[in-house]
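Novice: Use the sequences and the hints to build the structure in full.
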Amino acid sequence: MIIPLCLLTLYSMHAAAASGHIAYLSGTEQEDLCVCVMDVVSGATLRVGEGDRDGAPVWSPDGAWLAYPSKSDAGMDIHLVRPDGSERRAVVHAHPWNRQPRWSPDGSRLAYAADDGINAVIMVYDAVTHTETVWGGGKTGLMRPVWVSGMKLLNIVKQIEESQHGESRISGMFDEINGTGAILAVGLVANSNGLTTDIFLVTENGATPLVPPELNPGNYVDWAVEINRKGGMIAFESNDGGDREIFVFSANGQTNVTNHREADWNPVWSPDGNWIAFESFRNARRSVYRVYPETIRVFPVAVAKNSDNWCPTWSPDGEWLAFVSDRTGNPDIWIAEVTGENPRQLTTYPGLDYAPAWQPRKAP
Amino acid sequence: MKERRAISPCIAAALLVGMVCTPSQARDQDGALALIQTPNCGAPALAQPGNTFEAVLAEQADLGLTASTGGVFPLTVSWQTLPGGMQHASCLVPQNAPPGMYGLTASVRGRADVNVRSVYVFETFPEAYAVAHVTDVHIGAEDRPRTSEAIFRDVIKTVNESGASIALFTGDLTHSGEPDQFRRFLEILDTCILPTFVCPGNHDRQSLNYEQVFGPLVYYFWFGEDGYLAFDTKDYNTADDLGRQDADLQVFRRAIKPARWSIGFTHRYEPGMGMRSQIVLFLDNPLDFLVCGHTHRSNKPDETHVPWGTTAMTVTPAAIDGYLRLIEVTPRGIRPREPVRAPESP
Numbered sequence: 084m085i086i087p088l089c090l091l092t093l094y095s096m097h098a099a100a101a102s103g104h105i106a107y108l109s110g111t112e113q114e115d116l117c118v119c120v121m122d123v124v125s126g127a128t129l130r131v132g133e134g135d136r137d138g139a140p141v142w143s144p145d146g147a148w149l150a151y152p153s154k155s156d157a158g159m160d161i162h163l164v165r166p167d168g169s170e171r172r173a174v175v176h177a178h179p180w181n182r183q184p185r186w187s188p189d190g191s192r193l194a195y196a197a198d199d200g201i202n203a204v205i206m207v208y209d210a211v212t213h214t215e216t217v218w219g220g221g222k223t224g225l226m227r228p229v230w231v232s233g234m235k236l237l238n239i240v241k242q243i244e245e246s247q248h249g250e251s252r253i254s255g256m257f258d259e260i261n262g263t264g265a266i267l268a269v270g271l272v273a274n275s276n277g278l279t280t281d282i283f284l285v286t287e288n289g290a291t292p293l294v295p296p297e298l299n300p301g302n303y304v305d306w307a308v309e310i311n312r313k314g315g316m317i318a319f320e321s322n323d324g325g326d327r328e329i330f331v332f333s334a335n336g337q338t339n340v341t342n343h344r345e346a347d348w349n350p351v352w353s354p355d356g357n358w359i360a361f362e363s364f365r366n367a368r369r370s371v372y373r374v375y376p377e378t379i380r381v382f383p384v385a386v387a388k389n390s391d392n393w394c395p396t397w398s399p400d401g402e403w404l405a406f407v408s409d410r411t412g413n414p415d416i417w418i419a420e421v422t423g424e425n426p427r428q429l430t431t432y433p434g435l436d437y438a439p440a441w442q443p444r445k446a447p
Numbered sequence: 015m016k017e018r019r020a021i022s023p024c025i026a027a028a029l030l031v032g033m034v035c036t037p038s039q040a041r042d043q044d045g046a047l048a049l050i051q052t053p054n055c056g057a058p059a060l061a062q063p064g065n066t067f068e069a070v071l072a073e074q075a076d077l078g079l080t081a082s083t084g085g086v087f088p089l090t091v092s093w094q095t096l097p098g099g100m101q102h103a104s105c106l107v108p109q110n111a112p113p114g115m116y117g118l119t120a121s122v123r124g125r126a127d128v129n130v131r132s133v134y135v136f137e138t139f140p141e142a143y144a145v146a147h148v149t150d151v152h153i154g155a156e157d158r159p160r161t162s163e164a165i166f167r168d169v170i171k172t173v174n175e176s177g178a179s180i181a182l183f184t185g186d187l188t189h190s191g192e193p194d195q196f197r198r199f200l201e202i203l204d205t206c207i208l209p210t211f212v213c214p215g216n217h218d219r220q221s222l223n224y225e226q227v228f229g230p231l232v233y234y235f236w237f238g239e240d241g242y243l244a245f246d247t248k249d250y251n252t253a254d255d256l257g258r259q260d261a262d263l264q265v266f267r268r269a270i271k272p273a274r275w276s277i278g279f280t281h282r283y284e285p286g287m288g289m290r291s292q293i294v295l296f297l298d299n300p301l302d303f304l305v306c307g308h309t310h311r312s313n314k315p316d317e318t319h320v321p322w323g324t325t326a327m328t329v330t331p332a333a334i335d336g337y338l339r340l341i342e343v344t345p346r347g348i349r350p351r352e353p354v355r356a357p358e359s360p
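In order, the protein sequences belong to chains A and B.
Under this note's numbering, read the first sequence as residues 84 to 447, first letter to last.
Under this note's numbering, read the second sequence as residues 15 to 360, first letter to last.
Everything labelled a hint here was simulated from the structure, so no lab data went into it.
Remember, predicted model here, so these are calculated numbers, not experimental data.
Among these hints, one or two may not hold up.
[Claimed, not checked] The calculated EDC-like cross-link candidates involving lysine to aspartate or glutamate, where the alpha carbons are at most 16 angstroms apart (straight line), are:
{"hint": "1", "chain 1": "A", "residue 1": "K222", "chain 2": "A", "residue 2": "D258"}
{"hint": "2", "chain 1": "A", "residue 1": "K222", "chain 2": "A", "residue 2": "D198"}
{"hint": "3", "chain 1": "B", "residue 1": "K314", "chain 2": "B", "residue 2": "E284"}
{"hint": "4", "chain 1": "B", "residue 1": "K271", "chain 2": "A", "residue 2": "E345"}
{"hint": "5", "chain 1": "A", "residue 1": "K241", "chain 2": "A", "residue 2": "E215"}
{"hint": "6", "chain 1": "B", "residue 1": "K271", "chain 2": "A", "residue 2": "D326"}
Specialist: Okay, here's the thing in structure tokens:
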């Protein structure tokens, strides 16, 4: 009985087998990139997108829908589709260019940046009423929206403001936020050199820097804001002395959780909200790592000296990561346990495969 | 201290005559790269005797430098296999290789290849020099009174007579990215006596034709103490989604960070080009200067810098309209001259 017990012990050290579905982009070039959905176990793949310059797919919180940008006559539209390819439709937009869709926590709305690049506004599409509304009071220069889940984060900001200034700027927005929700977005800020970016709190009727400038000194360029599932922490990247670092803002203040002289970027929270996967150049080329923010310990996941690994996405159980790797010469989708063990190539298509997104959980 | 100078125009002209007379074995018949991928006439290697340059080949081969005069200089090479199977060669330039323009030759198992105008040996690099900027050549366009080839020949003739040390071609080399248009572009490009560096434009990106003719979309090189970075702005609206060239931009930008001047060249600058690229190139470690085209006009008074502030920018009118621009690079700064129009040949 000794041998089977040893085997059992070894087996238990590894993650449960990877399962579920991964949406990703596949094509021969940018022009024909198409959203596909792969069954991780069987490898069966279904093309569900337009196949006409599709952009990165994003799952609804219940895993029942995908949203992605795709080419239109005037620019790019946000498209919706079921993971089996059914009910595909384009959102009717007021602006020609629409990108970076993000689902609201309840899956009823989509926020996205609309119009051209850095002069974009944040739009919100209601999937129930099929209407589109401009948010932020129409403020321009807002990009990359993410929905705020609950009031935990905003209460932290409010308390910090009150402790330092005796009053809070954002508390006056709470009634509106309780009614229609809130978004964090990256927004343009003018400085003496030209433009830089900051994190903005966006409601339907207004937008304001999340942290007042006097509490956020320096001239940092923020990007890639992500809120953890627990709702009380945000991860974002900013430059510190020239290179990118990932910071976490929580009730404990702001912490640099990557702190390396080479760039660290693109934070992605684990489903339980305890870990952050990110990309780093600390091993020369772009590689995938994970960090536990409370201890700032960094662990390698997919690291190679001669190839790139990027765009990590967590499995719903938090035990696997999918990512893009060009270790075979062209970008393919790979998965590995969060420890980096058992890497497996999912796509073997000789063309391009990008932007994996693991389905959060099976649709009801 | 030795005098710092670039390749002499006289030597270059002599080499050019030799090159034109050399039967070209380079590339496949449609102009696509064959055994040797890089360097090539759109991304040549610049090296000094006793230093190395990098090459990428489909397979390991015997390599040599072929001068237009017929002299051959075998290369000492160390090989490394790249992901996907391509072979990376670090090539040592022989001490006795005189300054000038060379073809890189490769031979293996009866298969031979040569990329003409792909290696330039410099004794020293000048501290002050001029860059010729040519953009929007649009070979194959049929909406002008003269053929696009005739116009391009006049532009190259002006470049050859300009005294510039290198030439940058910032995209829309062809009108619709057809292989035959690339072949016609190459035919005229190879009459240029300067090292010519190209990057793709939106009109060039039909299928993978550009990559098959010129190889990588993103690369960097050193000219003396100055670092140059070529990048692609085709992906634009989904660039952040794909993340394709982000790592190269980050690594290459860091590589040329010690440069006296860092100069980017691309087809077009638009604020919607993807934030990751802009963060890398214009915010975290801002390039000193950006050279681009696309608009078929000079930059307006409010377009002297990218909106992020630090990086100066110049936009040159289209070569299909006969224009080019010289940019002076000196220890004191980078100064674009006014665009000039190439005189029409009779």
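Novice: If a hint holds in the structure, say so; if it doesn't, say that too.
Specialist: Quick rundown of the hints versus the structure:
{"no.": "1", "hint": "K222(A) / D258(A)", "result": "violated (20 angstroms)"}
{"no.": "2", "hint": "K222(A) / D198(A)", "result": "holds (12 angstroms)"}
{"no.": "3", "hint": "K314(B) / E284(B)", "result": "holds (14 angstroms)"}
{"no.": "4", "hint": "K271(B) / E345(A)", "result": "holds (13 angstroms)"}
{"no.": "5", "hint": "K241(A) / E215(A)", "result": "violated (30 angstroms)"}
{"no.": "6", "hint": "K271(B) / D326(A)", "result": "holds (12 angstroms)"}
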